[in-house]
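Please assemble the complex out of the two chains, which come individually in their own frames, going by the hints.
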Amino acid sequence: MKSVIRSFLRYIVRRRGLSALQLLGIAVGVTAAVGMMLASRSALKSIEGAVDFLRGGATHTLERPTGPLEEKVLAGLLTDPAVRTVAPVIDRQVRIEGGERIRLLGLDPFLDREIRSIADRIGESESGDVRRKIFTSFLFDPGAVLVDAGTAKRLGLSAGSIFKTSQGPLRVVYVFPNPTGEPLIVADIGHAQELFGMRGAIDRVDMVIIDDDPFRARWVRGFKIESNHQKAETLAALLGAFELNLQVLSLFALFVGVFLIYNTAMFAVVSRRRDAGILLAIGASRRQIAAAFLVEVLLLGAAGGALGGVLGFLLSGFLVKVVGNAISSLYFFLKPAALPWSFLNLAGGIFLGAAASLVGCLPSLLELGRVQPVRVLQGRTASRSAPTKTKNIALLGVLCLVVAGILFGLASRHVYVGFAGVFAFLIGASLFTGLAIVLSVPVLKPLFSVAMGLSGKIAVGNIRENLGRTSVAVAAFMIALSLSIGLGAMIDSFRQSVVWWMNSQLRGDLYISTKGDVNVPEDFYEELGAIQGIGGIDIFRNVPITFRGKPASITSIDASVLQRYDRFVWFEGGGENWEPVKRGSVIVSESFSRRFGVKKGDRISLEGADGPSDLAVTGVFYDYSTEHGVIMMDRSTYLKLFRDRTINSLGIFIDVTNPNRRQIIDEVKHRALVRGLPVATREEFHKRILDIFDGTFAVTRSMRVLAVIVAFFGIAGALMTLFVERRKEFGIYRALGFSTGDMVRMTIAESVAMGFISFATSTLVGTAFALILIKVINLQSFNWTVFYHFTPQPYLVTALTALAASLAAAAYPVWSVFRKYPAMQIREE
Amino acid sequence: MPRQWSFPRDHGSHPQYRTEWWYFTGNLQDGRRNKYGYQLTFFRYGLALQPRRPVNAWSIRDIYLAHFALTDGTRNAFHHAERVSRAGPDLAGAKEKGINVRVLGWSAAMEGKRIDLMASHREMALALRLTPAKPVVFHGERGLSKKGPGLGKASFYYSFTDLKTEGTIGVPGMTAPVAVSGTSWFDQEFGSNQMTQDQAGWDWFALHLSDGRDLMVYYLRKKDGAVEKESSGTLVERDGTSRHLRLSGIETTVLSRWKSGKSAGRYPAAWRIRIPGASIDVTVNPLVAGQELVTTAAMPITYWEGAVTGNGTSQGKEVAVEGYVELTGYAGTLGGIF
Chain X
5 MKSVIRSFLR YIVRRRGLSA LQLLGIAVGV TAAVGMMLAS RSALKSIEGA VDFLRGGATH
65 TLERPTGPLE EKVLAGLLTD PAVRTVAPVI DRQVRIEGGE RIRLLGLDPF LDREIRSIAD
125 RIGESESGDV RRKIFTSFLF DPGAVLVDAG TAKRLGLSAG SIFKTSQGPL RVVYVFPNPT
185 GEPLIVADIG HAQELFGMRG AIDRVDMVII DDDPFRARWV RGFKIESNHQ KAETLAALLG
245 AFELNLQVLS LFALFVGVFL IYNTAMFAVV SRRRDAGILL AIGASRRQIA AAFLVEVLLL
305 GAAGGALGGV LGFLLSGFLV KVVGNAISSL YFFLKPAALP WSFLNLAGGI FLGAAASLVG
365 CLPSLLELGR VQPVRVLQGR TASRSAPTKT KNIALLGVLC LVVAGILFGL ASRHVYVGFA
425 GVFAFLIGAS LFTGLAIVLS VPVLKPLFSV AMGLSGKIAV GNIRENLGRT SVAVAAFMIA
485 LSLSIGLGAM IDSFRQSVVW WMNSQLRGDL YISTKGDVNV PEDFYEELGA IQGIGGIDIF
545 RNVPITFRGK PASITSIDAS VLQRYDRFVW FEGGGENWEP VKRGSVIVSE SFSRRFGVKK
605 GDRISLEGAD GPSDLAVTGV FYDYSTEHGV IMMDRSTYLK LFRDRTINSL GIFIDVTNPN
665 RRQIIDEVKH RALVRGLPVA TREEFHKRIL DIFDGTFAVT RSMRVLAVIV AFFGIAGALM
725 TLFVERRKEF GIYRALGFST GDMVRMTIAE SVAMGFISFA TSTLVGTAFA LILIKVINLQ
785 SFNWTVFYHF TPQPYLVTAL TALAASLAAA AYPVWSVFRK YPAMQIREE
Chain S
70 MPRQWSFPRD HGSHPQYRTE WWYFTGNLQD GRRNKYGYQL TFFRYGLALQ PRRPVNAWSI
130 RDIYLAHFAL TDGTRNAFHH AERVSRAGPD LAGAKEKGIN VRVLGWSAAM EGKRIDLMAS
190 HREMALALRL TPAKPVVFHG ERGLSKKGPG LGKASFYYSF TDLKTEGTIG VPGMTAPVAV
250 SGTSWFDQEF GSNQMTQDQA GWDWFALHLS DGRDLMVYYL RKKDGAVEKE SSGTLVERDG
310 TSRHLRLSGI ETTVLSRWKS GKSAGRYPAA WRIRIPGASI DVTVNPLVAG QELVTTAAMP
370 ITYWEGAVTG NGTSQGKEVA VEGYVELTGY AGTLGGIF
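Same order as they appear, the protein sequences are chains X and S.
Heads up: the first sequence runs through residues 5 to 833, numbered per the numbering used here.
Heads up: the second sequence runs through residues 70 to 407, numbered per the numbering used here.
So here's chain S without its partners, still in its complex pose (with noise of 0.2 angstroms):
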């Protein structure tokens, strides 16, 4: 069913649904020209409907998790951290007012308009405003995105595809931090049961048009190497009208591979991607190859999520892309202890 979508209030947490995420990337650029992507991503996982004792901080409902990764386009170095907590005294949550979710210190939080990302591990750091250029956008039918076949099999989805972004980020490496700016791409998904038994993972697109355009597709793989039926996208033009994609409109060619020397994993590494509806014809190539998350907590996931560049045409005009890709379920299944 269709929601009945409110903002800010849905901005927030969706305790009555097992899964959440706040998904934040971003591709950045410092006074020198120097590019950087960044990920900050918070996870809810809902593991009970009530808390056992609800008087004790400690009781659980929730596990909420974050990964934070930063690419340094120059140094071609990837960096990521993780962190898991429950609930507990004041450690992790998720307001359900607005974007407002912490994981032990790294947070998202929206003030108006404004949102205000801020994490930070060892030499990693990240402090960053966001301010929307373009409205809300939702995918699939009016926000609720067909994930397989089913009732149920599905999320809710919408995302800010263009995101004003300014602020700073320390890398591994640099003396201090840096000013940055650029743009940023978020995404919420809140549901409870999206993928069916026989999917193997996901390949996700999140790319900015030079000429104003944003553009997501993702393809769900089915374990036997199908792609999913009902895997789709949604279109993002420069005044914010969005249409949904099928997946007949969309053609993506895999133009090379990556293996990591982590996982053993073998990733697509660049594409070619063809709306013929939309006259988008564009090839992306990862800014750093190896940007692949490795997570040992609760729940170990090893997913690639790295920034991308490239080029191509929209409408008959040459435009530059930017944007992020995510790859999951090419090394290993998904879902760890929990």
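The following block holds chain X by itself, in its conformation from the complex (with noise of 0.2 angstroms):
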């Protein structure tokens, strides 16, 4: 047994370019998976720590469904029996110099310190006089903050430091240790409302409440009450979708690394057949030699897996910057830190490494347990039956598309079971391959014959020779490819969707204030009212609020001037919507719509600052702005509701047949600078909004590149087997009197020709699972509607990506050709 195994291993040192070919091969496969993996739970995690370190010891927040709350509610609750503390927060953010935002948090350090330890630990590292001065000059100074140690270092501050930001300098007074990523200011909060401009008010009450429901009876009237368990759900829900990305695309990594690793460990065994025959042949049992197979392999997914534990580690490094670019613009101003080096990611990498190997290898082993000594020491490896064989892996295969069709119809059930019928999708469409490469061969024949003579087509041959070997590596690459694809057109369908939303909605000529950080006074708006020539003036305020038990938001907006100068596109009704929007209804977005079931003519009811209020819906509308869903609704609704006079930003529509437009657009520009309120055009705008989509989809686009290394891997793997297994084939080759560059066109022609086979099936597979992503995956996890658009770009990099990966592929065996072909005989070794 020991000298069959010993054999064996002696055959990965004997073949040292290949085993290291096939542990990277490995490697790489777990390096995607572990990666993505790490990434997306250090992301989730880097969340969940903010947002226990800021909620503290709080049970409870009260706050105004919209809009900030009058502080004098702070006097009414600290005599309401239920409520053990208070604490008054604001919480806004600020813009610091280079364009970052970061949370600023307003708080009464006395109060607070029953909360959270941030207001206690002020100058904890200085003592007496030292800390004294601190808290003093905290207290009294206007402009004073604490910044946390993370963001200090980063913007090279320290105490004493002074910066710029969107609301004017700010002064360091301490640098505070924060146990979590995201970056914060504090300040406290009288300052802070002078800072936002806010005085009597505050964002929220949070508090520590010992009798939920008689509280909630008596604050009921106009105040959104939310205690840490709804805030959790609230959280979850708004994370939702974005985890789900993250899940998706970790179970992508797996599914082509698993894929990858099968395929390695496959031809590890495949290229031992012949001395499986040998040992046979001298005397071997079937059961030792499987046992040196399962050894073999073991180590060799072992090995990978444990390098790919350790770079996957080093990837989600990388991953979770990306991951952390795209929350920032969407949820939270979170730096996400890596979770720390664990010896779990080793053993997961090892374990996922083993494991797959094992299944990749198993139906090899199973053949080799019909091996048949004779017939394989006679060379040719080609079964007879693989026309049938392959009809019935393709049967299967339409098995596999029927079950994936199956699970999409019952997709609005969970959204995993879209999930499961993706993975159908994808195993199905690799049991086609087989069949793709028995019905390519015969137009690729010709096809590489007129370019390359008979080494063309003889490498084509090949390809339908060994369809057993070919068609696993070409499913595996053509899986990687249509990922590649597939990803790629959902993002450029997504990205032109918004495109034509923005060019309908947000047809504005310059926009005011929309970075979110800095609100636009009320005589602003005013002022420019009185600016002759400007045709009309959206006022814009977005509030997020909770609904039904989920999150969505308000969007207050001027309904007369969007019906005039906007194109909203409707998904249920038309322009004529706008006229009872004027008179107190709202509209919804698609999103909205589809999260809860209202249609146009339903009524919704919102709770508003004297109670519920019903209101009728009269119009669903395409909206890409939040996932969460919107009510739309005018100004004067809105402010009827929620007396929130707040204006996030302001659109400014000049009418193009105005002569003097270029100075109006010029005196609001200047009148809003001298304010200190950030304009923009309409494009500068647009390309605002698309910067935030392409943050957002960066850690797709770097799933792409994996998909795009996994498959360079896996066709190089493929085709170094096949070149190791056919040396004798070139003895044949030699005495019929083929030269090295005959041998090097025959080799660079099979690996191109297998790169198209799987680019053509990608092209058709790719563009079925993009439609499946848009349709029934974004649909289910965002409810809005993404159209196909095709733009040739990821076809076309897939394609030379292809390209390269096979020639890249190829580019061993013909090394292999120039160095050893001319001495190759034809002999048994």
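These are computed hints drawn from the structure, not numbers from a lab.
Quick reminder that beta carbons are idealized off the backbone N, C-alpha and C, glycines included.
Accuracy of the hints is not assured; some may be wrong.
Stated by the list, open to error - If you want the ones that stay clear, here's a sample from chain X, every Cβ over 10 angstroms from chain S, calculated:
1) ARG125
2) LEU458
3) ARG568
Stated by the list, open to error - The calculated lysine-lysine pairs, modelled on DSS-like cross-linking and capped at a C-alpha distance of 30 angstroms, are:
4) X/LYS76 / S/LYS166
5) X/LYS137 / S/LYS222
6) S/LYS291 / X/LYS137
7) X/LYS461 / X/LYS395
8) X/LYS76 / S/LYS164
9) S/LYS331 / X/LYS137
10) S/LYS233 / S/LYS182
11) X/LYS691 / X/LYS168
12) X/LYS604 / X/LYS586
13) X/LYS137 / S/LYS292
14) S/LYS166 / S/LYS215
15) X/LYS137 / S/LYS164
16) S/LYS222 / S/LYS291
Now the structure itself:
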């Protein structure tokens, strides 16, 4: 037994190049899976950590359904018997130089000490007089702030530094340790009020409450009270789609990774058929040989897995940053920290590598059980039953596709059902590769024959002859290319849909203060109103709310202005929808309509400042601003309901025919500048939205790159194995008079032809995959319609990738040809 | 300079002075003769002469602190809590007319002659109604109480030494608040710069003798262990008349000591107090040994303030004694962030 295993292991050493490639193949597969999973876990852990840290000991929060809360509410809360602690909070953002947004919390250090540890630690590291000075400065000096250690380090700030922000210069009085990755600036609540021009108001109250129900009964009217439990649910719902996206990408990574490992392991076994035959012939038992195979494959899998675990950990460090940017532009201003190294990564990698390798070598092991030593030693390995087998496998593929179809039909039950469908589809598609090869070889043969002569023709024939091997390699390559095409086409379609939406709904000439950190003073709106020649000013306010226990948002706009200047695209209804909106009805976004099952003609109930209000829904519009859904209403309706006069931003519309257009635009820009309000032209505004969009999909793009790398190793491994396996045939070719150049051409042709078949199949599979992502997954998790839009780019990029990978994969065999071919003889080793 | 007192105005806040406190302590008993002690004190510390932005409610002038403690003689337990706040939007404050001081829901408010106290924290609760049985008593020279040598080292200090007290308290471990009655003592003190650099703390006694006399004694201890010679006392007779007691007329002996497990402070824990000039000779002991407050808020102060009981003789007759003792400066120096 030992000697059999030893003979196998010697082989690994002897074929160093191939072994290294196989090892790398497994490592890359594991890297992709581990990296993506670690990154998504790190990101979610960071969010949880930040949320926990900021929540502190609070059990409930109280706020107005929209907009700020009057600070005088605090005194009332203090006398409520259910209230143990209250802490007022101003929770806003500032933009620092360079454009980064950072959360600024306004807290009362006296009240807050019962909730959070931040205030209690002001000046903690200092003693006596210095600490007193720091604390006094924090309380008394306008612009005095605490900055968390991570941010301070990143921005090069220390106690005494002054830094510029959108709200004016701030002075650091103390740098506090922040256990989470969320950049934080903390100011005294009074100063925060002054900074944000909200005297007399706060954003919310964090509380410790001992009696939930009676408390709610007393504060039911005009307030939004959320317990920690509800908050956690809201957060989960808020992050749901994002989390799902990461999960899917992790699963894709795992899928591609396992496929690659499977592929590699299978080749490892196949390339040993001959050796197995020899060993059988000299008297080794089948069990001994099977065990030796297992040992070899498991060793390879474990080693590759271990390497992949480490590389995956390194990759996660990069991916976490990419994910972090997406989080920051969507939900929190968070810098997620990568999880620290854990030996679990290694263990997980080894497990993944070994398990997938084991699965990968099983079919070959079974085949090995039936190996006839004599036949094997004769050389040719192609099986005569190949056509039937191909047909049967394709039938299995059809079955998988049927299952996928059924799962898509049921996708509305749960988004995981949709994912299961995606995997069934991918597996099904991969089972067609054998058939694809059989069908495309007759077409490719004349093509390659014309281009490369006899070598080309033989090369294509070889693919068909070695179907058992080539089909798996092509399948792995094809799946990777399909993922690349599918993800690319999905992103492009989505992007086009967003562009289409922006062009129809965001048609203002200028947008003032759309960055979310500076509100527009109401008198500025009035000031602009006095400028002659402005066609209309849309006054925009957006507030997150909780609707039927789920996050959503309310947007207030000027219906008359939008009716005149924007071209809303209606999912239900048309331009006539604006008239009732002016009179107090609301319109809702497609995602809102789908999430809550609210349709045109329905009524929804909103919790206003004076209690609940019933509103008629008169239309549904396309929207990609938030997947949580938007309720849009005229500002007059909004003010009546919520008495919140905050203005987030303004959209300025000037008639195209106005001869003074240029001057008016300049005048508005100038006035905004004087007020320190950021102004963007329509183009700039649109570009910013697209930048955010691109940031969000950066992770997906990274995934595409991974898919391509995986694809490369897939095809390279397959080619090398084929080459190694057929060394003896090379001797025959030499005897037949094939030159080194012929052999090089043949090798390259074989590789390119396989790449071509993979690519051709992947255009179909990839496009179908994109459609599934758009029509099933996206619709399910985001509730919005994305329109498939063909762009050549994903296909071209993938085609080039396929070509490059095929050529690169041929490099080693070609080099071998140069080195060894001239000396090759037809001889048994 | 002695002060022209005017009440109820002078019960109120004196913002022109930097520090001020309203101090309520009392010895209570429920229907089953279980003994309790309570302390509810409000402090005002001026941090600025004017708030920087008077239009902003959060702009700080004063910081208000409150300490609330309950002593449960039956369960041998002591509970305390603290609150700190700036005035803010109606969160804390002291009005200038009459006793009307609040800190985050705890309050003392005078209505006519009656003073209502309210405080609750978790299972601790207190709602008491206090009615003076004797007129205001001024300490020192017409209410100017010297705290050290030199000008300004003094505070304005007066008391209601005998307040009839009724109400309810809730103590952790009880199923419901109980009705209680007893006697309270109220001190109001304000000034700007009372303590001198070389002083370490003080021992303060406020005792009710069962013959109707009330006795206040305070010792200012210097860092070198000596007693400040300005230390003194006040004796209030049954009819409300009072007289100043000089240090030389008070003899106090510490009979035992108690070491805190929380702060490692070593406090005196039983005393014999003799006022030969008034024929008083009494011994007092803490109702519960551990009545130490360890506060952590913006002004971390650790001190012992507790209910005491005792007995002895007054004018030749046997008397029972109840009251409160305050011991500061035994566990680290006074003064925190401010």
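Verification of the hints:
| no. | hint | in the structure |
| --- | --- | --- |
| 1 | ARG125 | holds (12 angstroms) |
| 2 | LEU458 | holds (89 angstroms) |
| 3 | ARG568 | holds (41 angstroms) |
| 4 | X/LYS76 / S/LYS166 | holds (23 angstroms) |
| 5 | X/LYS137 / S/LYS222 | holds (25 angstroms) |
| 6 | S/LYS291 / X/LYS137 | holds (27 angstroms) |
| 7 | X/LYS461 / X/LYS395 | holds (24 angstroms) |
| 8 | X/LYS76 / S/LYS164 | holds (18 angstroms) |
| 9 | S/LYS331 / X/LYS137 | holds (28 angstroms) |
| 10 | S/LYS233 / S/LYS182 | holds (11 angstroms) |
| 11 | X/LYS691 / X/LYS168 | holds (25 angstroms) |
| 12 | X/LYS604 / X/LYS586 | holds (16 angstroms) |
| 13 | X/LYS137 / S/LYS292 | holds (26 angstroms) |
| 14 | S/LYS166 / S/LYS215 | holds (25 angstroms) |
| 15 | X/LYS137 / S/LYS164 | holds (29 angstroms) |
| 16 | S/LYS222 / S/LYS291 | holds (14 angstroms) |
Consistency note: the structure conflicts with none of the earlier hints.
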